[in-house]
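Student: For reference, the chains in residue letters:
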Amino acid sequence: MSAEPILRTEGLTKHFTLRGRRRDGARPVLRAVDGVDLSLAPGTTLGLVGESGSGKSTLARLVLRLMPVTAGRVVFDGDDITDLSARDLRPLRHGMQLVFQDPYSSFDPQATVVDSVVEPLRAQGVSAAEARTRARDLFDLVGLAQDHLERYPRELSGGQLQRAGIARALSTNPKLVVMDEPVSALDVSTQAQVINLLQDLQGELGLSFLFIAHDLAVVRHVSDRIAVMYLGQVVEEGPAEALYEHPTHPYTQALLSAIPVPDPVVQRSRPRIVLRGEIPSPASPPSGCRFRTRCPFVMDVCAEEEPPVHESPDGVRTRCHLHVTGPTLAGASVNTLALPD
Amino acid sequence: MDELLAHHAENIPITPDEAVEAAAEFAALPRRRGAFLRLLRRPGPAVAFGYLVVIALAAIFAPVIAPYDPNQIDVPSRFAPPSWDHLLGADDLGRDLFSRLLYGARVSLTVSVAVIVIATVVALVVGLVAGYSGGAVDNVIMRVADGGLSFPPLVLALAVAGILGPGVVNVIAALSIVFVFGLTRLVRGTALVVREEPFVEASRAAGSRTRRILVHRVFPNIRSPLIIAATFGIAGVLLAEAGLSYLGLGPRPPAASWGNMLRNAYDRGLYKASWQLFVPGLAIAFTIYAFNVLGDGLRDVLGVGRSRRAKRRERRGMTTVERVRTPPAAPTSDDALLRIEDLSVEFVSERGASRVVEGVSLAIRPGETVGLVGESGSGKTVTSLSVMRLVPSPPGRIVSGAIRFEGRNLLDLDFEAMREVRGTGISMVFQDPMTSLDPSFTIGSQLAEAQRLHRKVSRSAARARSIELLDLVGIPAPETRLRQYPHQLSGGLRQRVVIAMALANEPRLLIADEPTTALDVTVQAQILDLLKRLQRELGMAILFVTHDLGVIADLCDRVAVMYAGQIVEEAAVEELFAHPRHPYTAGLLGAMPQVGGAGERLTVIPGQVPMAHAMPGGCRFADRCAFVTDACRSGRIDLVATGAAAVRCVRAGELTLQGAR
Amino acid sequence: MRLVVRRLVAVVPTLLIVTFGVFLMVKLVPGDPAVNAAGGLSATPEAIAQARVDLHLDDSFFSQYGRWLGNAVQGDLGESYQSRTSVVDDLAKRVPVTLSLIVAATLFAVLLAVPLGVLSGLRPNGGVDQGSRVFSSLAIAVPNFLLALILVLVFAVRLGWLPPSGYTKFGDSPAEWLKFIVLPAIALGVAVSAALMRQLRAALVDELDTNHIRTAWAIGGSRRRVVGIHGLKNASSPAITILGLQVAALVGGAVLVEQIFAIPGLGTYMLGAITQADLPVIQGCVLVLALVQIVLSLAVDITYALINPKVRVAT
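Line order of the protein sequences matches chains A, B and C. Per this note's numbering, residue 1 is the first one in the first sequence, and the count goes up by one each step. Per this note's numbering, residue 1 is the first one in the second sequence, and the count goes up by one each step. Per this note's numbering, residue 1 is the first one in the third sequence, and the count goes up by one each step.
Isolated chain A, as found in the complex:
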């Protein structure tokens, strides 16, 4: 990547201190995000995949600086915004916007749709009349009728309101839009409408997306690069196609094999990897490699040492001992390994 990234994080970390005490008297700490390095090139989409408890939503809030950072850095468009105060962030906010998962709860039920849509503009000091003109253009852009402007959120369908949510995010001509599960609350047919709209908008406006979802198929569909999160860490990151065709981390491999393909012929002939157990609590992650408790290829070293990041020649970065220890894969796809019984 030659261009300066629009968004870059280095060792980004967020720990929440929980109530109560552990046996040893210390306050339990929830490691929601733990040392994440990401980079998003302008005009591209970085997909962020993970199951519940992986820390992906917290990461979204961190890069937008909607909460304080515990450690690490966030660089937005060349500016280090890690320690900026709310006041100093305000002038930068027009460049970065957020689209929410649930369109209904992300719109003030007491306010008209247009009132919420123009809020980012108003916060930048744009006059009410000017903001309203812009809102009309935005509604055209996202394919909503003008008479939806004055309605209340409850009067719109989920798909329509999510379009309004996108209009709100685009109102200030942002460079970066963070999408936190923007289509998971929608039905399949509506979901396709919104995904196509997002792709069109990116083409027209040259936007950069950080696209967060638990649905790998959706993420694969929209992303240039993909990062897979597990228990607060990025376990694998790389170009979308490489990552899907040749996953280098056992978790990515398992995740891919877990999504049922809507074609019985393909689906029933695929090899299946069913992981043991469920994702452990981020308040007490396993020692060493965090995935080791569910990993089919687990080795002794995995419990003892945190795996180092291995970067393959085609730019896939993986946190897994398989690439550096034992019968080393050295960046080759984990698909080449036979599954142990």
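FYI, nobody ran anything at the bench for these hints, they're computed from the structure. None of these values were measured; they are calculated from a predicted model. Don't be surprised by glycine CBs; every beta carbon is placed ideally from N, CA and C. Heads up, a few of these hints could be off.
Claimed, not checked - Just a sample of chain B residues kept apart from chain A, beta carbon distances all over 12 Å, derived:
#1 Arg-41
#2 Gly-207
#3 Asn-221
#4 Gly-377
#5 Gly-492
#6 Gly-635
#7 Val-640
Unchecked claim - Partner residues aside, some chain B positions facing chain A, computed with beta carbon under 10 Å:
#8 Val-169
#9 Asn-170
#10 Ala-206
#11 Asp-548
#12 Gln-594
#13 Ala-641
Chain A is already provided as a structure; the job is to place chains B and C on it using the hints.
Tutor: Same frame as chain A, but now just chains B and C:
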């Protein structure tokens, strides 16, 4: 009157605390324009409001209206009964009770309104600051409020008023202190809830200033609960004020207040003229009642009140059947385990009945896995619940059809007979494992119950079987799990427990309604594998309800696609995915992003699913269909069977549609 | 057990604030307490000065609070201005009386509310439900002191069935106690029972629409099991919460009801002190009544935790 009373008694909170609780439910409800006008269109609140206006006017114009000076002593009229001279009679000193009642109203209303205004304003400022800023400020404020609420309100008011001495101003001061704590807690609690709402986060992400967020986002969402709590609060103040002046801590004698009139009537007239008790007594009771009715009405018009829920009928665990069409005759020979024929289900609401399932027919053979797929609102869940007669009635009712299970029509069974089928012949697994188990009972006791409902089983045999079942569904260390409560288990484990309960009596049919939707993908894969293995081992039939075509492709033999309450296509699973015949099926397949097909544009089904109460005649998919012709909109389109497949489309014969890629 | 300890610890800051509030209340009284202590307006300047020293009125505010709190913890709340008797001794005699009234009223409320609430919840809009709604709406509109007056008028004055006022200790004669306590307990308990009844009904109606009740039907549960076991057990938690909230109303209402029925409890004691501006007594009464409320709320809270596995058993 009884009916009116019964209607409004439903929702009136008794203590300010209860009002706080009830009002807190109203955070973040949609604004309703013209709420006040709609309030007055309701008979109860309208009468209450009218009464209060009259009382207020009477109080304001008391000097003009009152026939006597309220303090004028007239010994000959002692205990005079009501007459034209003394409308409500006269007290022990011959003072005119009607005049005293009017002047007393001035005291009661002044105190009530003043206290509520003071307490609300203080609570709003303090509560908003505490709730929105959080942290140490919040901690200190809430500790103080908790401390304040630890005093019984009346005792605190008595002490303060007692120390300050009698007098209207002192009563206002005392009661303001008492009421401010509860209201502060309400404002703060609601502010905390609102603060966590995504729309407030959206405002922060938009870069809005804190003050703007408080004024434009938080405050409007607190307003409704606060108005409701304040209205109920007035009733509370009125009650407390009457209590204080009954105890002699109100306005200094001889000035009248309702409370001291009551005291006077009791002390002086109990044996001679006991009716005098009722003059101030009824005034107090009516006024409190009126404020309560008003608060109740506000709650209804400002949000979805409890009273709407109160219209519910008894829950008898059985969907009612009220047929408008005769059921189809039983087929003479039938290899199907379950045969749903012409099933229609209606939901009855104030707007009338809407038909959410229309003429659904579906058969499942023993050991077969049938998928029922559709988007939200397609009627797939209602169809599956109907088989178990578990659609809640009201609002649901089955209006046509037959559901034959092993030859018996389940729609003809009474509760006891249906109960025998549930859990033994047909079992069901639901979508949300987090709430599907009773939180108050251990896993072991719920598993044992599932067995003992149908067979006489000894305690130890039930336990042994429970362990066996948990083992069967792949739960490690079953003995420990038996002693645990549902909240101690993860979602995936809970769903396994629900499945174990469903399997307890070896049913012939398992209905699984979106059993993996609430779970993570890796856990979903586990549960799907489990279901496949169980079916292999136990040989039961499965009806699998889902919105996910991938899941259907994974485990079903046959699949039926539902759209807007109807089955639009049914076929063997390979056939349906390879050669969909209904444009909606093809549309769904094209709209799903696929791991293999990145970068391609998704096919889009334009528009929205029609609403259940406004179904188009003819084909229900016509408005969204790319192949629509005039024939599609003219008259009813039937599901046409050809061999093992069926499709509800007039152009099915001529269209060739794109299947799975 | 750990849970009980945790709850007890959580009460400590509340207690500090309550005691501070009680102390502050008296400090804010207009007038000089030294003048009062020295014998009122006729006191000599020397006597007043002496009283200031005796009462430590010249110490800092917080050291005065500390001393007062220290004494209170050791069972010394000072002497009544009027009778010169120990406030703590007087309170000790009256606490059991007030408690017996509160317990009787709670019993009455629960015994009335549980059957009516359950029946209403099982058959919403049925006969029992309609009837209890009318009852509860009346119970809310009529304040307890008004109800007390009406009860006296009807049952004591007109019918003469029960004494209009007075009290006998339960220990002396349970039958006599019952005779004196019936009317006050009803007057005090009616509103509580209305709240409880309504909460129980609403909780039961809500409960019967939950997912786990649907599961209970789906495994073939009988009506008795689904409604009577699963429904009722889960509906009892919110009902207990409401009972906890009603404790405040009970304690406050007891003051008025005691006064009307001339029951020699904390309420009458406090009201007497208010008319005579007997500050140490007012202070003691407020403190003890607040303590009664805190202890009763705590008891309800612990009961709630005990029947609710989510609170009792940690994940």
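Student: Now look at each hint and say whether the structure bears it out.
Tutor: Evaluation of the provided hints:
The non-interface label for Arg-41(B) is consistent with chain A: the shortest C-beta to C-beta separation is roughly 21 Å, beyond 12 Å. Gly-207(B), annotated as away from the interface, has a beta carbon of chain A within 12 Å; the closest lies near 3 Å. Consistency note on Asn-221(B): stated as away from chain A, yet its beta-carbon is not over 12 Å from all of that chain's, at 6 Å minimum. Distance check for Gly-377(B) against chain A: the nearest CB is about 8 Å away, which does not clear 12 Å, and the non-interface claim fails.
With a closest Cβ-Cβ approach of about 5 Å to chain A, Gly-492(B) is found to fall inside the 12 Å limit, against its non-interface label. Interface exclusion of Gly-635(B) from chain A stands, the closest Cβ pair being 26 Å apart, more than 12 Å. Its beta-carbon lying about 24 Å from the closest one in chain A, Val-640(B) satisfies the requirement of being farther than 12 Å from that chain. The restraint placing Val-169(B) at the interface with chain A is violated, with a minimum CB-CB distance near 37 Å, outside the 10 Å limit.
At its closest, the beta carbon of Asn-170(B) sits 39 Å from a beta carbon of chain A; the interface hint therefore is violated under the 10 Å criterion. Given the 10 Å rule on beta carbons, the hint for Ala-206(B) holds: about 4 Å separates it from the nearest Cβ of chain A. Below 10 Å, beta-carbon pairs count as interface contacts, and Asp-548(B) has one with chain A at about 7 Å; its hint therefore holds. About 6 Å separates the beta-carbon of Gln-594(B) from the nearest beta-carbon of chain A, less than 10 Å, and the hint is met.
Restraint check, Ala-641(B) versus chain A: the minimum CB separation of about 22 Å is more than 10 Å; hint violated.
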